[in-house]
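The sequence shown lines up with residues 1 to 68 when you count with full-length UniProt numbering.
Keep in mind that the hints are not guaranteed to be accurate.
Straight line, CA to CA, 20 Å or less: simulated SDA-like cross-link-like pairs of lysine to any residue [what the hints assert, rightly or not]:
| hint | residue 1 | residue 2 |
| --- | --- | --- |
| 1 | 56 | 11 |
| 2 | 56 | 28 |
| 3 | 60 | 50 |
| 4 | 60 | 19 |
| 5 | 56 | 38 |
| 6 | 56 | 21 |
| 7 | 56 | 19 |
| 8 | 60 | 49 |
| 9 | 33 | 53 |
| 10 | 60 | 25 |
| 11 | 56 | 35 |
| 12 | 23 | 13 |
| 13 | 31 | 59 |
| 14 | 31 | 42 |
| 15 | 23 | 11 |
| 16 | 33 | 12 |
Label-pair distances were calculated between CB atoms; the ranges are [said to hold, decoys possible]:
| hint | residue 1 | residue 2 | range |
| --- | --- | --- | --- |
| 17 | 13 | 67 | 43 to 51 Å |
| 18 | 64 | 13 | 30 to 38 Å |
| 19 | 64 | 44 | 37 to 45 Å |
| 20 | 39 | 17 | 16 to 24 Å |
| 21 | 25 | 65 | 28 to 36 Å |
| 22 | 13 | 54 | 17 to 25 Å |
| 23 | 17 | 37 | 17 to 25 Å |
| 24 | 7 | 64 | 31 to 39 Å |
If you are wondering where the hints come from, they were derived from the structure by calculation, not from laboratory data.
Where a beta carbon is used, it is the ideal one built from N, C-alpha and C, also for glycine.
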Amino acid sequence: MSDPKHEPLWSIDRVSAYLGIPKWTLYGWRKSKYGPPASRMGRHLRYDPADVIAWKEQQKDPVEKAPQ
Numbered sequence: 001m002s003d004p005k006h007e008p009l010w011s012i013d014r015v016s017a018y019l020g021i022p023k024w025t026l027y028g029w030r031k032s033k034y035g036p037p038a039s040r041m042g043r044h045l046r047y048d049p050a051d052v053i054a055w056k057e058q059q060k061d062p063v064e065k066a067p068q
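Kindly produce the complete structure, drawing on both the sequences and the hints.
Next up, the structure:
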């Protein structure tokens with residue numbers, strides 16, 4: 001796998017496919033100031049792959065061990 005720091009910026013369609021969610025969810029999250037950070041390039045949103053991957057990792061729920 002290539003280094004995400006050197007990949008081109010991702011479109012909202014690419015982020016939607018990567019996260020497995022509709023792009024309209026991403027638009028809603030952005031309006032609510034939630035979700036991975038994005039930059040506006042003219043009319044388009046662009047995402048740094050490293051930011052998307054880091055944001056996804058932060059969303060993991062910690063699993064507590066059951067008492068034994």
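Hints, verified against the model:
For the proposed pair residue 56 and residue 11, the alpha carbon gap of about 16 Å is at most 20 Å, so the pair holds. Taking the CA atoms of residue 56 and residue 28, the gap is near 17 Å; set against the 20 Å cutoff, the hint holds. A threshold of 20 Å between alpha carbons decides the hint, and for residue 60 with residue 50 the separation of about 16 Å falls inside it, so the pair holds. A distance of roughly 13 Å separates the Cα atoms of residue 60 and residue 19; the hinted pair therefore holds under the 20 Å criterion.
Straight-line distance between C-alpha atoms of residue 56 and residue 38 comes to about 14 Å, which keeps the hinted pair within the 20 Å bound. A hinted pair counts as satisfied when its Cα atoms are at most 20 Å apart, and residue 56 with residue 21 qualifies at roughly 12 Å. Using a Cα cut-off of 20 Å, the hinted pair residue 56 and residue 19 holds, with the two alpha carbons roughly 8 Å apart. The hinted pair formed by residue 60 and residue 49 meets the criterion: a straight-line CA distance of about 18 Å does not exceed 20 Å.
Of the pairs offered as hints, the one joining residue 33 and residue 53 holds, with about 17 Å between alpha carbons and a cut-off of 20 Å not exceeded. Pair hint residue 60 plus residue 25 holds up; C-alpha atoms about 18 Å apart against a cutoff of 20 Å. For the hint linking residue 56 to residue 35, the alpha-carbon distance of about 9 Å falls within 20 Å, and the restraint holds. Under the criterion of a C-alpha separation no larger than 20 Å, the hint pairing residue 23 with residue 13 is consistent with the structure, at around 6 Å.
Between the alpha carbons of residue 31 and residue 59 the distance comes to roughly 19 Å, so the proposed pair stays at or under 20 Å and holds. Simply put, residue 31 and residue 42 have alpha-carbon atoms about 17 Å apart, close enough for the 20 Å limit, and the pair holds. Simply put, residue 23 and residue 11 have alpha-carbon atoms about 10 Å apart, close enough for the 20 Å limit, and the pair holds. A C-alpha spacing of about 16 Å is found between residue 33 and residue 12, which places the hinted pair at or below 20 Å, so the restraint holds.
The hinted window of 43 to 51 Å between residue 13 and residue 67 holds, with their beta carbons roughly 45 Å apart. Separation of residue 64 from residue 13 is about 37 Å and conforms to the stated range, judged on CB atoms against 30 to 38 Å. Between residue 64 and residue 44 the beta carbon distance is about 41 Å. The supplied range of 37 to 45 Å therefore holds. For the pair residue 39 and residue 17, the supplied restraint of 16 to 24 Å holds, since their beta-carbon distance comes to about 19 Å.
For residue 25 and residue 65, the hinted distance range of 28 to 36 Å is satisfied, since their beta carbons lie about 32 Å from each other. Residue 13 and residue 54 have their C-beta atoms about 20 Å apart, which keeps the hinted 17 to 25 Å range intact. Distance hint for residue 17 and residue 37: a CB-CB separation of about 18 Å, consistent with the stated range 17 to 25 Å. The given range of 31 to 39 Å is respected by residue 7 and residue 64, whose C-beta atoms sit roughly 35 Å from each other.
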